Amino acid sequence: MAPTISVDSLHKSFARHEVLHGLSFEVQPGTVLGLIGPNGAGKTTTIRCLLDIIRPSSGALSVLGEDPRRAGPGLRRRIGYLPGELILESRVTGRRLLDHFARLSGPVRPGRIAELADRLAVPLDKQVRELSKGNKQKLGLIQAFMHDPEVLILDEPTSGLDPLLQQEFLSMVAEVKTDGRSILLSSHVLSELQQSADRVAILREGSIVANASVEELRATAVRRLRIRLEDDGGAPDTPALASAAGQLERVPGVDGIRVLADGRLEASVHDGVRPLLQTLAGLPVTDVVLEEPDLEEAVLTLYGPPPGGGSGHPPGRPGNSGQPGHRHGRHGRKEA
Amino acid sequence: MFAIFTRGVVDSWRATLAWAVGLVAAAALYLPIFPSIAGTGQMQQLLNSMPPELTKALNYDQIGTGPGYTQSTLYGLLGFLLLSMAAIAWGASAVGGDEESGLLELTLAHGVTRVSVVIGRALAILARLLFLVLVMFCAVAVLNGPSQLGLDLGKVAGGSFGFAGLIALSAAAALLGGALRGRKVHGLILGAAVAVLGYVFNAVGRQSESVEWLLKLSPYHWLLGSDPFSHGVDWGVCAGLWIGTLALMTLAAVVLRARDVGR
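Residue numbers (the working numbering), protein chains in the order written: chain G, 1 to 336; chain Z, 1 to 263.
Hints are computed from structural coordinates only; laboratory data are not their basis. Model, not experiment: these values are computed from the prediction. Note that the Cβ used here is the ideal one computed from N, Cα and C, for glycine as well. Incorrect hints may appear among the rest.
Negatives, chain G to chain Z, calculated, CB over 12 Å [stated by the list, open to error]: (1) P73; (2) G74; (3) A102; (4) Q143; (5) Q195; (6) A240.
Across the chosen pairs, the derived CB separations fall in these ranges [unchecked claim]: (7) V115(Z) - Q167(G): 35 to 43 Å; (8) L54(Z) - G72(G): 51 to 59 Å; (9) R109(G) - R259(Z): 43 to 51 Å; (10) P52(Z) - F14(G): 15 to 23 Å; (11) A18(Z) - Q167(G): 45 to 53 Å; (12) F2(Z) - S57(G): 30 to 38 Å; (13) K126(G) - A25(Z): 48 to 56 Å; (14) R259(Z) - G59(G): 17 to 25 Å; (15) S101(Z) - P123(G): 19 to 27 Å.
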């Protein structure tokens, strides 16, 4: 099936300063792709290119099979967009504002706006300037979702939303997926994405440094292991601890072993846990904590210089080693 | 385009109404005192006592007649000032101000073309402007008898249409200025340049033959130099002002279509 969104070798320069260095990624029908990266990585620039708000310097873009540069308003009616910096006219009521957008991008099913407003608990008859940041963000979400677009492009959608509404947002995302529609959403925090996204593309300084499914990311992310041994006496330097540390060191994918102040052993686990469990079975362990894989840390590792001095490649440029999933290169491109 | 147009007209009705009140007040302030000035000869005495350069700069040389008085005080001065301010502010905000504040991005992401947004907003500005000029015309028509102005309303109507074109030219320049780089201040500068320089070139150009060429550069003079309220509007000039307005507005649409928005 043709991808809903396809970005191929997207370059963008502003006044001879290149900010996007040849991005490529795809969003498949019925899936959610999370674009994640620190502020200034190029997420918003990429998204604005997809909406034809700014124009690529080079590269091929396709949304719903059409080139945004040429497709015109017909294509944008099929897209729901939430800008990262949402600015709304302030001297109108939310209802009037949404009615206006409905006239531009409609048709909107009768009752749909009220239904979404109920769901997100936003007052529609107040002037926009009287609304809190969170309520304005909800109006932004409503205008993106109300015409049931075939693809949603949401830039930092949950910023300003309280946790309860973030849950509501997640269920709205799930419904879109169930309908077979697609979503591209960006965030600078992974925790916002890991519940909603199927895949994550990590952007750094205008390049994609990794493109992986959340599962792949999880599988390669570091887990932290903490164990307590029998008769350790709470002291950090018993022979039992030293012997256990020695055995753990020989387990593939385990490193960073150290003794904590309370006498427990801590280690980082990179790969599968089976060899580790076999080793642990032979140790006089009284307590084991193996944490959930820390995706946040996995992503931060990709943002920053590679741990242990790196692989000799500039950080974040193609060629980095040790990254999860596959790099998006020439394969998986849009069929012409 | 229609949704953009109606929104531009309807949502700003309060501001439009406020400007209308201001213009009616200006007419009500100036016009009723004409009989007391013209009838007593005091005005002529005052004019005689003023340096001729000043009378010319203020276009007060025709002030002894009703049409001349109406043109000099209302259309040539206070009405021109008020309407230019309003129109330049609208023009500069329509694209430049909207883009600068971040509002334009979301509008353009919806089912519109950039050209339709610019044209819709430009037409909304023209509609509001024509409404205000019509209000002025009505005020003048009502005051014509009581203030003994002796105006030929047909000529006032033609002059008003030309006057709307003169103001619209500044609005269009402001729209274009804002559209060039997405900055409201560029619109204000370009719009004000057309209005203010037009006024100044007229005032200076009328002083002596050596600077008369300045009059050729003044849209203000193109229209008001032939005393349209006394002698009827020069339809060629009128058409020129309106064609210039539409050309600048079209250029604004072309410029916006060609560039990145919001940076």
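Cross-check of the supplied hints:
no.: 1; hint: P73; in the structure: violated (4 Å)
no.: 2; hint: G74; in the structure: violated (7 Å)
no.: 3; hint: A102; in the structure: violated (9 Å)
no.: 4; hint: Q143; in the structure: violated (8 Å)
no.: 5; hint: Q195; in the structure: holds (26 Å)
no.: 6; hint: A240; in the structure: holds (62 Å)
no.: 7; hint: V115(Z) - Q167(G): 35 to 43 Å; in the structure: holds (42 Å)
no.: 8; hint: L54(Z) - G72(G): 51 to 59 Å; in the structure: holds (57 Å)
no.: 9; hint: R109(G) - R259(Z): 43 to 51 Å; in the structure: violated (36 Å)
no.: 10; hint: P52(Z) - F14(G): 15 to 23 Å; in the structure: violated (56 Å)
no.: 11; hint: A18(Z) - Q167(G): 45 to 53 Å; in the structure: holds (46 Å)
no.: 12; hint: F2(Z) - S57(G): 30 to 38 Å; in the structure: holds (35 Å)
no.: 13; hint: K126(G) - A25(Z): 48 to 56 Å; in the structure: violated (34 Å)
no.: 14; hint: R259(Z) - G59(G): 17 to 25 Å; in the structure: holds (18 Å)
no.: 15; hint: S101(Z) - P123(G): 19 to 27 Å; in the structure: holds (23 Å)
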